[in-house]
Amino acid sequence: MYRGMLLGRRLDERMIRLQRQGRIGTFAPIKGQEASQIGSVLTLRRSDWMVPSFRETASMLSRGWPIEKLLKFFAGYLEGGQPDEGQNDLPITIPVATQLPHAVGLAYAAQYRGDDVVVMAYCGDGATSEGDFHEALNFAGVWSVPVVFLIQNNQWAISVPLKKQTHSRTIAQKALAYGVPGLQVDGNDVLAVYAASREAVARAREGNGPTLIECVTYRLGVHTTADDPTKYRSTEEVAEWERKDPLTRFTAYLKKKRLLEDGLEEAVDAEIAAAIQRFEATGAAEPLTMFEHVYAELPPHLKAQREQAAGWLREGENGGGTTAAPRETSPPMRGQRATRR
Amino acid sequence: MVKALNLALLQEMERDEDVLVMGEDVGVDGGVFRVTEDLHRKFGSKRVIDSPLAEAAIIGTGVGMALYGLKPICEIQFSGFAFQCFHQIENHCARYRMRSQGRFHVPMVIRMPYGGGVRALEHHSESEEQFYAHVPGLKMVIPSGPRNARALLVAAIRDPDPVVFFEHKGLYHAAKEDVPDEIETLPIGRAQVAREGRDLTLVAYGAMLRVAREAADTLAEEDGVEAEVIDLLTIAPLDRETLVASVQKTGRAVIVHEAPRSFGPGAEIAASIMDGAFLSLEAPIARVTSWDVPFPGFAREKGNVPDVARVLAIARDTLAF
Chain A
1 MYRGMLLGRR
11 LDERMIRLQR
21 QGRIGTFAPI
31 KGQEASQIGS
41 VLTLRRSDWM
51 VPSFRETASM
61 LSRGWPIEKL
71 LKFFAGYLEG
81 GQPDEGQNDL
91 PITIPVATQL
101 PHAVGLAYAA
111 QYRGDDVVVM
121 AYCGDGATSE
131 GDFHEALNFA
141 GVWSVPVVFL
151 IQNNQWAISV
161 PLKKQTHSRT
171 IAQKALAYGV
181 PGLQVDGNDV
191 LAVYAASREA
201 VARAREGNGP
211 TLIECVTYRL
221 GVHTTADDPT
231 KYRSTEEVAE
241 WERKDPLTRF
251 TAYLKKKRLL
261 EDGLEEAVDA
271 EIAAAIQRFE
281 ATGAAEPLTM
291 FEHVYAELPP
301 HLKAQREQAA
311 GWLREGENGG
321 GTTAAPRETS
331 PPMRGQRATR
341 R
Chain B
1 MVKALNLALL
11 QEMERDEDVL
21 VMGEDVGVDG
31 GVFRVTEDLH
41 RKFGSKRVID
51 SPLAEAAIIG
61 TGVGMALYGL
71 KPICEIQFSG
81 FAFQCFHQIE
91 NHCARYRMRS
101 QGRFHVPMVI
111 RMPYGGGVRA
121 LEHHSESEEQ
131 FYAHVPGLKM
141 VIPSGPRNAR
151 ALLVAAIRDP
161 DPVVFFEHKG
171 LYHAAKEDVP
181 DEIETLPIGR
191 AQVAREGRDL
201 TLVAYGAMLR
211 VAREAADTLA
221 EEDGVEAEVI
231 DLLTIAPLDR
241 ETLVASVQKT
251 GRAVIVHEAP
261 RSFGPGAEIA
271 ASIMDGAFLS
281 LEAPIARVTS
291 WDVPFPGFAR
301 EKGNVPDVAR
311 VLAIARDTLA
321 F
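Chains as they are written, first to last, in the numbering used here: chain A, 1 to 341; chain B, 1 to 321.
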């Protein structure tokens, strides 16, 4: 558990440096949310399903996503979003809340087939304003399917604070309208998140339907690497939450209980360094493979376009034009302007 | 055509337990157009799901079911309401294969009634095939009669890719044709020559096929002109080969569709003909379409949706060029 949180934090810090160096593109850091992610994901079995949004690096690592694969994803290689065969995770979903109905459908299908499967779906506080969030909760309630909605309420949806996002006192209470149990938990207390998730997963596994868990946490870093939070929130507020840093808290707890292993940080850093080396060895992306996964079979017009593209690429190699754009600073994600520093 | 579609659903559900039907009123009620009649009684509420009223979740949960390995057939009650699930179709149905680099795919069918001429309200009369035809990763199918509707629906259900399947409301009860007892399929991505001819190519699909055929019959009777009529059946991927072969023979093309003209299917069809048959062309390619206006109300629909007279007039202009 601690190792998972630590790996999430250390990789996050490393990825910010990689992004600033232009070695990967825009990504959404998780700093501050490690407890919410690790405490919840560890209650799943390998045969269960995990449905991430785009800020679940720690959960994904814990589910067995190799570090270099995630780095590839954020370097623009779709190969990095391909779950291994037999790995029951969906790839990263970027449009906010749209993955939640997928989780409900997966849970319906598992129940239909009689499989012992629980689905855990992640989203943030901003996602709870989207129609898909409400539709997914409603369907999950009506169908009584084995799904857990894990909301990381990190207080900010880019620049919009929770009080501008919803007039509800809590996010957990939104579940009640759908006849679904809603729990609110200290998202910076990994053991509390674990206890709440274990209860929800058990309820789903026993056939008693969905649960919504609101993890009250805080995004200590930027929304994405294209974001500048000093424009919209105070350093005092951030400092306040830094005192509640989930990793610091769990470290103190483990130290007090004399449960902390020595050398863990070094081991985690070595694992990250080795993965970055493997990532750096990635060859240039072969452009023509973009035609491979559009349809099961390539239709005639795409065969023709692939031929055309191949022709242009050959011409490019012969000096007839440039086809490979140089790496530029990463483009912004939703709602962001590129910051110039 | 309603009975033919119902038969396709029934036979595919009997054949494959993974096939499910979901949508608003598709269960006990049998669908507002009765396409899913009796399926609920035969297969129960786990396989014929009366969903809550929410298009995005109908498609979104369908995506999840398909990712798990089921074959959901989702009904959107009217195509005019599909914009509330368009993001699920464009963002997810069409892209999971690419996003997961082949690890997942979404073998689902999205059925929607479309089209005008049935004295219906706004959002119940439009033709929006161009939106889906434009999205890479989707297939877009529009049958023109009972027999090809049934065969194409079976093909769509068995297709490994997501298929948007439009059913013209005007054909549901008006179009009658014998269909065989045994299951038939037609290949998706292939057009049919509905009527052979050497002087002019009329390209149509859905309810416009009847309009094109009638125009062709009149041209034969009154003008001594033999028009070839192409029934597209699949809008995307477009069967360019059949279109080009026809225009290479006739040298003239008129495209008929109910969707508004600008950036509509006719533009892509015309460009494809230009690409493949430019040197055979004797006249500019013409389009007979609805005007570029929002649905004007069914009291004015006659002036908007193409009819035989308009097709005839444009066809004669093209022949005289």
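Derived by calculation from the structure, the hints in this document are not laboratory data. Accuracy of the hints is not assured; some may be wrong.
Only some residues are given here: those of chain A computed to face chain B with a beta carbon under 8 Å [stated by the list, open to error]:
no.	residue
1	16
2	90
3	101
4	129
5	132
Derived contacts from chain B toward chain A, CB cut-off under 10 Å, selection only [unchecked claim]:
no.	residue
6	40
7	104
8	224
9	225
10	319
11	320
Quick caveat, the model's predicted, so the values are computed rather than measured. Glycine is no exception: its CB is placed at the ideal position from the N, C-alpha and C atoms.
These are the hints, each one checked on the structure:
Of the supplied interface hints, the one on residue 16 of chain A is violated, with its beta-carbon coming no nearer than about 25 Å to a beta-carbon of chain B, more than 8 Å. Interface hint status for residue 90 of chain A: upheld, as the beta-carbon distance to the closest one in chain B is roughly 7 Å, under 8 Å. Restraint check, residue 101 of chain A versus chain B: the minimum CB separation of about 2 Å is within 8 Å; hint holds. Checking residue 129 of chain A against chain B by beta carbon gives a least distance of about 14 Å; that is not within 8 Å, so the hint is violated.
About 5 Å separates the beta-carbon of residue 132 of chain A from the nearest beta-carbon of chain B, less than 8 Å, and the hint is met. Interface restraint check for residue 40 of chain B: the shortest CB-CB distance to chain A comes to about 16 Å, outside 10 Å, so the restraint is violated. Here the hint on residue 104 of chain B is kept, as its CB sits about 8 Å from the closest CB of chain A, short of 10 Å. Taken as an interface hint, residue 224 of chain B does not check out: its beta carbon lies about 36 Å from the nearest beta carbon of chain A, beyond 10 Å.
The interface hint given for residue 225 of chain B is broken, as the beta carbon of that residue sits about 31 Å from the closest beta carbon of chain A, more than 10 Å. Checking residue 319 of chain B against chain A by beta carbon gives a least distance of about 30 Å; that is not within 10 Å, so the hint is violated. Interface hint at residue 320 of chain B: violated, since its Cβ lies 33 Å from the closest Cβ of chain A, which is beyond the 10 Å cut-off.
The structure fails to meet hints 1, 4, 6, 8, 9, 10 and 11 from the earlier list, while all remaining hints are met.
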